[in-house]
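Using the hints, position chain Z against chain U.
One line per chain: the protein sequences are U and Z, in this order. Numbered per full-length UniProt numbering, the first sequence spans residues 1 to 734. Numbered per full-length UniProt numbering, the second sequence spans residues 1 to 734.
Treat the hints with caution; some may be incorrect.
As the list claims (entries may be wrong) - If the Cβ cut is set under 7 Å, some of the chain Z residues that face chain U in the computed set are: (1) S19; (2) L25; (3) W40; (4) P49; (5) T345; (6) A562; (7) S707; (8) V728.
Simulated from the structure, these hints should not be mistaken for laboratory data. Glycine is no exception: its CB is placed at the ideal position from the N, C-alpha and C atoms.
Single-letter residue listing:
2 protein chains.
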Amino acid sequence: MAGRSADDDDRGGTVVTPSAEFPPLEPAELDALRRVGAHWRVGAPPALPVDPTLDRYRNRPTPGRFSRLAPIALFRPAPGAPAGRDGLVAAERADQPDSPLGRRLGRLRRVLLGPPLASAAVLHERMRKLVALPVLSSDLLSSVAYGPEALLTVLVLAGSGALGLALPLSAGLVLLMVAVGISYRQTIPAYPHGAGSYLVAGDNLGVGAGLTAAAGLMLDYVLTVSVSIAAGVHAITSALPGLTPFAVPLGVLVILLLLAGNLRGVRAAGNLFVLPTYAFVAAVLGLLVVGYLRAAGRGFAPVAPPVVPATEGLGLLLVLRAFASGAVSMTGIEAVSNAVPAFRTPEWRNARTTLAWMVAMLVVLFAGLTLLIHLAGLVPRPGETLLSQLARLTFPTGPWYAVIQVTTALILLLAANTAFNDFPRLLFFMARAGHAPRRFLHLGDRLAFGNGLVALAGTAVVVFVAFGGHTEKLIPLYAVGVFLAFTLSQSGMVVHWRRHRGDGWRRRALVNGVGAALSGLVLLTAAVAKFTEGAWVVVVAVPLLVLLFDRIHRHYRTLHAALALRPPDRAPPPTAPGPAAGPPGAPEGRPVEGEELPQELRHLVVVPVVRLNRASMRALAYAVSLGRPTLAVHLAPEDAEADRFREQWRAWGDHVRLETIVSPYRAVVGPLAHYLEALHTAAPELVLTVVVPEVVLRRPGHRLLHSRTGQRLRRALRALPGVVVTTVPVHVPD
Amino acid sequence: MAGRSADDDDRGGTVVTPSAEFPPLEPAELDALRRVGAHWRVGAPPALPVDPTLDRYRNRPTPGRFSRLAPIALFRPAPGAPAGRDGLVAAERADQPDSPLGRRLGRLRRVLLGPPLASAAVLHERMRKLVALPVLSSDLLSSVAYGPEALLTVLVLAGSGALGLALPLSAGLVLLMVAVGISYRQTIPAYPHGAGSYLVAGDNLGVGAGLTAAAGLMLDYVLTVSVSIAAGVHAITSALPGLTPFAVPLGVLVILLLLAGNLRGVRAAGNLFVLPTYAFVAAVLGLLVVGYLRAAGRGFAPVAPPVVPATEGLGLLLVLRAFASGAVSMTGIEAVSNAVPAFRTPEWRNARTTLAWMVAMLVVLFAGLTLLIHLAGLVPRPGETLLSQLARLTFPTGPWYAVIQVTTALILLLAANTAFNDFPRLLFFMARAGHAPRRFLHLGDRLAFGNGLVALAGTAVVVFVAFGGHTEKLIPLYAVGVFLAFTLSQSGMVVHWRRHRGDGWRRRALVNGVGAALSGLVLLTAAVAKFTEGAWVVVVAVPLLVLLFDRIHRHYRTLHAALALRPPDRAPPPTAPGPAAGPPGAPEGRPVEGEELPQELRHLVVVPVVRLNRASMRALAYAVSLGRPTLAVHLAPEDAEADRFREQWRAWGDHVRLETIVSPYRAVVGPLAHYLEALHTAAPELVLTVVVPEVVLRRPGHRLLHSRTGQRLRRALRALPGVVVTTVPVHVPD
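Pulled out of the complex, with its shape left as it was, chain U reads as follows:
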């Protein structure tokens, strides 16, 4: 982010910055801020009684009274700070919890996830092409392990005679792959900061289209994890049928391992995935070479498949379903364009090269496998994958069958990792635009989006378990979300070229237009042909998600408007705001707390006193020491107790005005809250500061022995306007 202007953020750039949680003020806000500041009438500020830079303290480190850490080690002066002023940097240990259990958990976390990474490390976490290729392509390439099978599984429903259609359908799919690949290749340089469908569609087609694409992508990522893990586990159980009963727990375990790996951060995760991807490509290429050599030996004569009776007629719908099922081989083709900023510089060129390699490998593997399966006369059957059958046939002896199965399982299990890369990034961009909860902006101490990773892993586990880990049941849900995102993204690019009208824009628009049209065709096919088989889930979920994103956005917008600074030279709060001179921040939500100028605040300090002990005395002393009008309130369950309390009050010296309220029904919190509300209604211009003593107990067991009136009171008072709650803790050794 260093060196980039704030413009990038406004244009929806896809640079991940640790400061995204702290967006800069808009010009209107900055202007309001200036005008607010001009109205503040603060006298000469009192001198601080302690050096806030801790300079003085840095020279004599002693542990704090309640802590075994010497706080000195926790802060160091910022390197470039002028003369020690304005520059403390928290050290790693400043984030460590204080309790023994917390420290132990923190240590375990370090062992599992590694030491924290500073924000400055974010630029170094970039990938070379040779690393990026396996990380980003595992999703795409691994889908050849189930794509051809998904296609044939549908065709064979019309009997073994229909299997001949596999070749023309595959040729169509290869065309589609190339067209979509070229289309995406164009997108990358146009969006050098990352060209996720959400950003491209939102940028060019409007927010609604962006959110629709995002919803489709989110479902896609969840399903990528579930389908890949399911297929990977199936590859294992094809080779070792004894493991079949443990398929579901095995899959869940792998998802959790992926989560842990990704919580460690980008580069560590990348290194994990280099070897298996290349090994898989090599193994399948080996399988193809040996297979075609054998087929050449018999003159490429196809083996007749076993006769399978037809259970459905060979209609157009079936062919379309087969095509849409086979199209799942293309899932993951968008991974590169999403992740442009994760490449080393020059990002867009490296990304484009990587995409070209990926599509070429996909075409070779997909076409090669489909044709070889046809030549070998293989037919899908439950219990063993087609790839496993092919490998068994091709390598009847020797370790090669095992190599194929192991690398297939590995790449499938790891393919899910692409989703772990992209899902949290998508949520980050959505959260930055206010369409997702803001917590997804937070970069964890390993520079990973922990919240997004956990959300993905959790949802994927639920889907995986709900579908019992069966690949073929998940496939129908899969294609719709993917192609929805493809279509919107490519259509967006068409609009983009039209809008910018650079060199050769017509040609580029045509390329993306073809990609969009083909993707849209597959989307329609998948949604219609597989609607009853599960696609309806996606068709229903996408609008619901869009609605949810919109509601979230509306909440943040309302909140932002309500919290936006307004210069205080307007009418006082109770009257309706005039139409003139309003800043852009829309005054729709005007809170009761209208005063923002310190010189206008009028105080009344209220101290609820239950009984007279150290805790209440401390609260009273604190309240009185503020030097503002102070009122003590006592709630008595009956008159006798009220009298007794007033006696004690007089014995103490009656230093503070006391008001006793008899609560004949023995409730404390309710009447007190209502009394404060009555005070507020009587004098709405006052800020009521309620000073509540709170006895702090260390052991949770001991907390059970107390009714925690303070906390209940605080909760009851939260809703009251103009009431500030001050908690004066009294620490008790136990």
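Relative to the frame of chain U, chain Z by itself:
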């Protein structure tokens, strides 16, 4: 309470007062309070900006801004208050929750439990003898429904020949009943404020004995509920065997109904129980009359019982087990002496009379039934209770069998109510002495001890379900706790008479001594003979409970000592307290927060600022308006953001000193807490007031969209000494 001196409380009197949660100060505390007050140097207090009596407000009721209640109606001047000063009384509505859901729940609660009862109503909730008798005796009298059967069930293990021993054993039990009854009769006038075993044993034998008795009694109460409900359900299933599969849910339902009835309050509960108890007594007396008339018809010749083969030898242990099992008929005999203050005046005399009636009725029913069962030659068998067999035999036709079973079931189901009366009272007394959690002191708005009632019902349900609702499995656990309490209580009375040496103290001591010796004998018998059958649970649980009570007491004592007022003319807090001039409150726990005098407090106000908006501006304005040295702290994830923030700060006008801390690992709460700790260590004499703005959202769904940093910060700061947290709410419409 009215008219009684505070002495009663000190002597452990058993008057239930709503003020028990607010115990009066001890003389030493009052003295310390005076001396603390003398050290306060408060100038003329600033005039209050609002009338705290709300007098002014009372004449123009308008609803509050955030509430549809007009607060005026919630407070009325106290009737006898001098000239409207010092006397507000909260009306019933002042305790009503504000939210719509809360109001609806409140209304449901009113329908179920009735309107709240004012504290002043506590005196009217007394019982006449004719009402007290059924309420308090249902436990005792109902146990004849399972007592004789429990005795015979053990004897028959030695074959039908051993059944003849039932008569001498029963005679022994009758003697025991009379002796214990007379013993308790003596206790009542000696403890006119209630003579629970806990109080009597604790008073005379020491705290340990009192707690042991309390532990025994608590187990007894839980088992009373479980056993009575189990036997009552058995009476129903004896008559209607089709209901047997629903025995457990039926019992749980009845326990919950009892809970609801008791939450309504004492008198309402009493009225529920008058009829069934008298009906049961009448029905069993009818059974006895008819049965003996028939027996007279055949010259009182006993029918030979069916031959049952012996499964155990007839040893001393078996006879003792039979005796101890039969002794469960006496459970509940202590109910009257516990509940003396619930009687109308003169309490002790009414209670004594009631006890005499109860014991007389017990002896008649128990002896009559045992003899009649012997004459009829009946033998216990599973599936049908002995009482049911006897009734079927005596009334072969007509509705009388049904009447017996229905009244038996009713009295048994309601007998559990005695425990619902006594268990919460016991907890109240224990809580008042600091041996139980203080929440058991709280009288709910129906003047019932809701917490105690819920605790009893919950435990009883667990025990009932755990034992599958089988009476015979619960009986072995039952006797030990009861007779433990009897023994300790009677022994305590012996000490009491010896100590007071009034008229005829030797005779009285002898009577109680005999009661104690006999009870102790049964206790030993039960504990030894039934140890392996379940009594070991009680033998283990009692010491554990005593330990728990002791730990609770120790915590409250430590806390009390730590919170006790100490006059401030001693050395300043950091030095160790000298041995001289210490008040009795033991200075073992000296909190860091040593200052109690307002003139000695030195302030530093710290405002954490995340970004500049209305919320943080309000917090800043509030902080500055306090007129104390103020410091703003900003945590930045990276240097660039820190620079940007400082720019904004200067644009605003730099009214408050700002310290930025770069948190390179992006954590916020941890570094901030550690920074405050460092400030505290640098200047421990300062009170750090942390002003946290908090955006208050109404909808819980919206709260999920925010990370609630304020709350996390408050939690992290709780443990820090000398840090006061002030929450400035900003209400946002949503």
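- Which earlier hints turn out false for this structure, listed by number in ascending order? 5
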